[in-house]
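If you use our numbering, the first sequence corresponds to residues 5 to 487, in order.
These are calculated hints, taken from the structure and not from any lab test.
All of these numbers come straight from a predicted model, not from anything done at the bench.
C-beta atoms are modelled at their ideal positions from N, C-alpha and C, and glycine is treated no differently.
Treat the hints with care, as some may be off.
What follows is a list of derived Cβ distance ranges for each label pair [stated by the list, open to error]:
#, residue 1, residue 2, range
1, Glu-457, Glu-277, 40 to 50 Å
2, His-130, Glu-481, 10 to 20 Å
3, Gly-434, Gln-296, 51 to 61 Å
4, Ala-336, Gln-295, 56 to 66 Å
5, Ala-416, Arg-286, 37 to 47 Å
6, Tyr-34, Ala-222, 35 to 45 Å
7, Leu-405, Gly-36, 41 to 51 Å
8, Glu-487, Gly-36, 38 to 48 Å
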Amino acid sequence: MGVGDKEGRRDETAELARRRGFIWSAFEVYGGAAGFYDYGPLGTLLKRRIEEKWRDFYRREGFYEIETTTIAPREIFESSGHLESFTDPAVRCKECKSIFRVDENLTVAVKCPECGGGLEASGEFHLMFQTRIGAGKDKGKGGSDEEAIKRSEGYLRPETAQGIFINFQRLLKFNRDKLPFGILQIGKAYRNEISPRQSLIRLREFTLAEVEVFVDPAADKNNHPRFEEVEDRMLSLVVPGADEAEEKSVEDAVSSGIIANEYLGYHIARVDEFLECIGLPRARLQFRQHQQDEMAHYAIDCWDAEFLSERYRWMEIVGIADRGDYDLSAHARSPNVNMHVHTESGEIIPHVIEPSYGIDRIIYALLESAFYEEQIGKEKRRVLRFKREIAPIQVAVFPLLNRDELKSKAVAVFRMLRDAAIAVEYDNSGSIGKRYRRQDEIGTPHCVTIDYETLEDNTVTVRERDTMNQVRVAVPELKDVLE
RNA sequence: GCGGCAAUAGUCUAGCGGUAGGACACGGGCUUCCCAAGCCUGUAACCCGGGUUCGAGCCCCGGUUGCCGCACCA
């Protein structure tokens, strides 16, 4: 935990992230727009490192990554159910201005349930961004103007998953008609949130990293070949109605029916493992099961990995859903769409297990949990304690003093490391202490300092971020020590 | 979307209806043999658009963004 009151610390994290080039709100010079953030140089490095870790993590599951479009024609979202569940007509009360979705229980004819005032139409909730594909009218295909306009409607994807589902048959062929198999996708998704707030927590444009695992419900769901690798892993689980998390092994949770099946349990455990491996403190993680009425239109069992933020309390960073055959069946209802797989037990529609990571929220969680303030003498030391592998800058190189003979040696060491593809910075400005502090603030795990002894015996000091300890290392061994 | 509050250098802030000031950060220089020391010096700001006024950073209106509450979060 950091030193100081929470109020102070909250602002410090966001302020540091902005000032040091991690993230800032988009379009600043034009006054900004809520729900959009840009990643600066260090934020982009951090994000790439997490994405690479993620790719590597799921590569080891034997999954392949694909990249599909971010815009899709209306039809896709009609089939997927998003159009219906994302864009309800809305009404607004003339008196109290409350907004309601129109459903069976509430039409324009009735009074405001809050205050009894009259209701007026208020457009629609378009949680999906709409756009037009092509010139608009398409009379060649016949039909009315209205139908032609409808055909030209496109939407920005609200999740990356649909791009995987609609390619199912090609992906199945790629996998030589065998189940199970998994497909990854990292990319932007868009939701036109009514009221985005909370920095990276609720964005209108954000990065999802999604895994869709297609399984044979009969053969696979309770028979994951690597379940034993994770079965003893302890998870913090919160079930509907419970106030607090309960520690349970994955095996216990599955065998007692808390987690719907072994396959889902396996992937929940892997999510937990991934979050730990990028450096989120396990004490601040839990898995919360959705209530029935809280689940998305596609899910049959769903768990959120939640991170305990000091500022926002428990927040969802990953959703792990058993989507059943919802998506493939939904698309299969369209003419000419076939989502069946021939197995030994006949024609089936596979089920989908889906871990879906909110990369921006994970980055927020990492920034917040890595931020520490320490009192060093009279000075405050601010440090981002990233795990070494995800730190944007791996090492900084300094000459102890700003003198030519030290500078030229320091630059030589700097270039050597840079040529070894290590993310390295050179700094000769200000006192040595000041340079250490600058690197602490952006989470650089090691600093290398060149002094007069270096000129004699070719050794340098390597200073470690968290302990501030120094060790003497020979330059040729530097690369190995840093890695 | 609604209501309340707010908006000044990169960051944090001071400011009277009449010359925008400080601290830190940053750049240049000096000093300095390992943790934001010191000295000199430089760059840098009134969210946007209207209005009132001889004159608006300050008052009024609208917008934008942020914070808090309500609603929303498939």
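Going down the list of hints, with the structure as the test:
Range check, Glu-457 to Glu-277: about 43 Å between beta-carbon atoms, so the 40 to 50 Å window is met. Taken as a hint, the range 10 to 20 Å is violated for the pair His-130 and Glu-481, whose Cβ atoms sit roughly 59 Å apart. For Gly-434 and Gln-296, the hinted distance range of 51 to 61 Å is satisfied, since their beta carbons lie about 59 Å from each other. Against the hinted window of 56 to 66 Å, the Cβ-Cβ separation of Ala-336 and Gln-295 comes to about 29 Å, which falls outside the hint.
Checking the proposed 37 to 47 Å range against Ala-416 and Arg-286 shows it holds: the Cβ atoms sit about 42 Å from each other. In this structure, Tyr-34 and Ala-222 break the distance hint of 35 to 45 Å, their C-beta atoms being roughly 56 Å apart. Distance hint for Leu-405 and Gly-36: a CB-CB separation of about 44 Å, consistent with the stated range 41 to 51 Å. At roughly 41 Å, the beta-carbon separation of Glu-487 and Gly-36 lies within the given 38 to 48 Å, and the hint holds.
Hint check: violations occur at hints 2, 4, 6; the rest are consistent with the structure.
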